[in-house]
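Visitor: Sequence:
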Amino acid sequence: MADRDQTSKAPKVRGRGADDSGASPGSTGPKGKRPNKPKRQRKFRTVARGYSREQVDKSLQDMDAELDRAAAIIVQKDKELEVARQAETEAVDRAFFYIMDLKERLLSNAEIRAEQIISEAQTQVNGGKSDGSSDAIIKAAKAEAARIVNAARAEAQRLETFGPSAGSSPAEPTPIRMG
Numbered sequence: 001m002a003d004r005d006q007t008s009k010a011p012k013v014r015g016r017g018a019d020d021s022g023a024s025p026g027s028t029g030p031k032g033k034r035p036n037k038p039k040r041q042r043k044f045r046t047v048a049r050g051y052s053r054e055q056v057d058k059s060l061q062d063m064d065a066e067l068d069r070a071a072a073i074i075v076q077k078d079k080e081l082e083v084a085r086q087a088e089t090e091a092v093d094r095a096f097f098y099i100m101d102l103k104e105r106l107l108s109n110a111e112i113r114a115e116q117i118i119s120e121a122q123t124q125v126n127g128g129k130s131d132g133s134s135d136a137i138i139k140a141a142k143a144e145a146a147r148i149v150n151a152a153r154a155e156a157q158r159l160e161t162f163g164p165s166a167g168s169s170p171a172e173p174t175p176i177r178m179g
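What the sequence shown shows, in the numbering used here, is residues 1 to 179, in sequence order.
Errors might be hidden in some of the hints.
To be verified - Mimicking EDC-like on lysine to aspartate or glutamate, the simulated pairs with C-alpha atoms at most 20 Å apart in a straight line are:
#1 Lys103 with Asp93
#2 Lys103 with Glu120
#3 Lys103 with Glu155
#4 Lys43 with Glu54
#5 Lys77 with Glu88
#6 Lys139 with Asp93
#7 Lys77 with Glu66
#8 Lys79 with Glu90
#9 Lys103 with Glu54
#10 Lys43 with Asp78
#11 Lys79 with Glu54
#12 Lys139 with Glu115
#13 Lys43 with Asp57
#14 Lys43 with Asp64
#15 Lys58 with Asp68
#16 Lys139 with Glu120
#17 Lys79 with Asp62
#18 Lys142 with Glu160
#19 Lys142 with Glu111
Rather than coming from a laboratory, the hints here were simulated on the basis of the structure.
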């Protein structure tokens, strides 16, 4: 049989076995309804026994190539995502270790300053004051030292829990009054 140069749907069939829907045999879904159309409607030239094999094969090759390109893009995007996740993990780790280091330095500096205050108070007391005010000086120095250490601990806890407050950067912790 000869090829027909027709770019429309298969011809309507009338007679035995044909329905009156106007669609080609086998192209209707359940209860005579058409199934959902694919996103890309392709039309093929009809020949004596169906569509042109060359056109169908070419269309399938084009679709395979398109799928291959899409798969390559997915692989590339997966690699980019993995790199971004790794960078994020490294940044979080660096920030965590920075905050822990900052916390340790903050507490260490507060303890050093507290010891200095107590030492200065004892030197002042030993320097000549032997009256009842020496106990008051040492008591005040210890209270100031405790206040500094407690403020440092509170700042360290804040750093560990919430990160730097608005207006201060990790390089510049909130200052603690040292006396």
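Visitor: None of the hints should be skipped; say for each whether it holds.
Guide: For each hint, the structure was consulted:
no. : hint               : verdict
1   : Lys103 with Asp93  : 15 Å, holds
2   : Lys103 with Glu120 : 26 Å, violated
3   : Lys103 with Glu155 : 8 Å, holds
4   : Lys43 with Glu54   : 13 Å, holds
5   : Lys77 with Glu88   : 16 Å, holds
6   : Lys139 with Asp93  : 42 Å, violated
7   : Lys77 with Glu66   : 17 Å, holds
8   : Lys79 with Glu90   : 17 Å, holds
9   : Lys103 with Glu54  : 73 Å, violated
10  : Lys43 with Asp78   : 35 Å, violated
11  : Lys79 with Glu54   : 38 Å, violated
12  : Lys139 with Glu115 : 13 Å, holds
13  : Lys43 with Asp57   : 13 Å, holds
14  : Lys43 with Asp64   : 18 Å, holds
15  : Lys58 with Asp68   : 15 Å, holds
16  : Lys139 with Glu120 : 12 Å, holds
17  : Lys79 with Asp62   : 26 Å, violated
18  : Lys142 with Glu160 : 27 Å, violated
19  : Lys142 with Glu111 : 12 Å, holds
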